[in-house]
Amino acid sequence: GAGSNPQWNETFLFTISDSASELNLRVMEKDKFSNDDNLGEAIIPLDAVFEEGSLPESVYKLVKEEEYCGEIKVALTFTPERNEEQGYNEEESCGGWKESASEY
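Going by the UniProt record's numbering, the first residue of the sequence shown is number 1, and it counts up by one from there.
Be aware that a few hints might be false.
[Claimed, not checked] List of simulated lysine-lysine pairs, DSSO-like, C-alpha gap at most 27 Å:
(1) 30 to 64
(2) 30 to 61
(3) 30 to 73
(4) 61 to 73
(5) 64 to 32
Calculated from the structure, these hints are not laboratory results.
Working from the sequences, and respecting the hints, build out all of it.
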């Protein structure tokens, strides 16, 4: 096993709601004969990934019950949801969000 330095090197796809402002990652240890253990959680703000389209690999602290318990490296890419019926217009939508325009 990887012990205290596991490497997952995996890609995950998350669908997020229009009001999402952060991604909460919970790292769990799978146990065969007992309940899985929560090793900690990392909260990643999403504002920058929406603005830039991606975030380079960064280190986030894992916290459990307000105590530091490790780190996780995560890179994020924002892929706008495409509406197959209407096509995709980058100026009008942002991953399921409709940009609002107001004239004053």
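We went through each hint and held it up to the structure:
1. 30 to 64: holds, 17 Å
2. 30 to 61: With a Cα-Cα distance of about 20 Å, the restraint between residue 30 and residue 61 holds, given a limit of 27 Å.
3. 30 to 73: The hint holds at about 20 Å.
4. 61 to 73: Roughly 9 Å separates the two Cα atoms, so the pair holds.
5. 64 to 32: Roughly 22 Å between the alpha carbons, so the hint for residue 64 and residue 32 holds.
Hint compliance for this structure: every hint is met.
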